[in-house]
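S.K.: One line per chain: the protein sequences are B and Z, in this order.
Sequential numbering from 1 applies to the first sequence in the working numbering.
Sequential numbering from 1 applies to the second sequence in the working numbering.
If you are wondering where the hints come from, they were derived from the structure by calculation, not from laboratory data.
Zero decoy hints are in this set.
For chains that are exact copies, the list does not tell them apart, and a pair is met inside one copy or across any two.
SDA-like, lysine to any residue: derived pairs with alpha carbons at most 20 Å apart:
#  : residue 1 : residue 2
1  : Lys16     : Arg66
2  : Lys217    : Gly117
3  : Lys16     : Leu226
4  : Lys16     : Glu40
5  : Lys217    : Asp120
6  : Lys217    : Ala277
7  : Lys217    : His229
8  : Lys217    : Glu261
9  : Lys217    : Asp262
10 : Lys16     : Leu47
11 : Lys217    : Asp237
12 : Lys217    : Arg119
13 : Lys16     : Val45
14 : Lys217    : Ala122
15 : Lys217    : Leu114
16 : Lys217    : Phe69
Each chain, written out:
Protein chains: 2
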Amino acid sequence: MNAVDPRLSMNQATIKYANLETALEVTVDAGVQAIGLWREPVNDVGLDVATRMLTDSGLRFTTHCRGGFFTLPDGPARIAALDDNRRAIEETAALAAAGAAGSTAVLVLVAGGLPEGARDLAGTRHRVQDAIGELVPDALAAGVTLAIEPLHPMYISDRCVVSTLGQALDIAADFDARAVGVTVDTFHVFWDPDVLIQIARAGREGRLATYQVCDWKTPLPADVLLSRHYPGDGVIDFGSLTRAVVDAGYTGDIEVEIFNEDIWAAEHREVVRRTAAGFRDAVVPHL
Amino acid sequence: MNAVDPRLSMNQATIKYANLETALEVTVDAGVQAIGLWREPVNDVGLDVATRMLTDSGLRFTTHCRGGFFTLPDGPARIAALDDNRRAIEETAALAAAGAAGSTAVLVLVAGGLPEGARDLAGTRHRVQDAIGELVPDALAAGVTLAIEPLHPMYISDRCVVSTLGQALDIAADFDARAVGVTVDTFHVFWDPDVLIQIARAGREGRLATYQVCDWKTPLPADVLLSRHYPGDGVIDFGSLTRAVVDAGYTGDIEVEIFNEDIWAAEHREVVRRTAAGFRDAVVPHL
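Only chain B is shown next, with the shape it has when bound in the complex (with noise of 0.2 Å):
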């Protein structure tokens, strides 16, 4: 009666909450076929530990959230959010050979946002680009695409620079598109008048490597952070976003990610439930 689609892919920060086995266990028992990490989870189990809970699950691996913030000026912190992203790197390898067959070694970039009390976003954005020129003979070398995601204009101060497809394709451009794509996140390119050729345009130039779903709703919370919803609990036109992803020859698995304190709230086997539903009703039409 109500199959799960076999392209949904759960990202783990939809329950945050639970650990990396509980996220595993109810994934699986819910029927769904792959699902998302974040660096976290993983990391308190160690990486070793994470890739084998991974493999027995048979699961496949879509996404590891997130490597990026790297828009710090010259200088030991810089140097050190590099060092990270590689270690973030061999995790999303590691992680993708672990997954069952099918799985995407998809490292989910967000670029962070202006350093403290600087104004000048057009010099941050230019390190965010040299950052991931620093890094694109590691992905290379991992057989890993870091995904440069760009976030809602509404977190351009306090987390990503990078606020339209377009300009993250800019950036993309310039480097292998093995080692670089672009995330779509409806949520956060919904409103982008440009939204469409945008997506057309990562598609002809090979840049789609992941596209995740959510919904925009609003009164916003206090935390414009946890606005997040289920697919068709909000306004977008999930219709649109996903006959668009399709025509440009996407045909991975898709995550959906909601960050919102109620959903992190609610019993994690009914929000896989409740999300599965959504995936089904809104976005599983248009595929």
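Dock chain Z against chain B, hints included.
M.R.: Showing chain Z alone in chain B's frame:
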């Protein structure tokens, strides 16, 4: 010592709880030479009284806020919205005529959000364009410029489906530049990677109808509508934006428009003084 720059215009929303009489008085007393008004306080006293008060104040009139909110589908509510916009056009013309020499007849337009239950951004945007088209003859007849204001994308669903300056210019492009221009408000556009290019384009196309300044700072307050700050108190680079506006040929007054509960709660004269100081320190050096 602390002369107020002659191009500063006090937008009445910055002292939201002042009635028209008080707003004019504290603006004049502070040595500010121009004011942007809002429809509600003008209509509280009636247009005839408002125009006389404005003339008596000796202030220049810079913009009327605001028209728009016409994203509804065909029907009585849409007709009512258009009629209301026609009244706003008449008010704008009357106020501009009543203000001191150098006043400008500019009606700021905020498009409106998605209608209840709607998800079709593209269709909603087309309705905005159609509505503006219906108002152009009225605007031309009255000598009023409709200034389409792109709002930050965090207001996409509930306030404004026009999110970028490029999009506003695309909408304006179909119409006579005497009748349809754009509003450049730093808060709404500073994040846009294309903003400097689009400001230059606005100048080239003769569409830069008004320049408004206020600042962006995080964390955003619980009501994101009230997240505007005095120029200089946040992260916006007023240098690059203001120089772009100057280079685009804009020679008009510059409004400071702030929605902020703390600023609204402060004493009006202190707010005008702080506004003038922020403008002097953050904006004037780039004029």
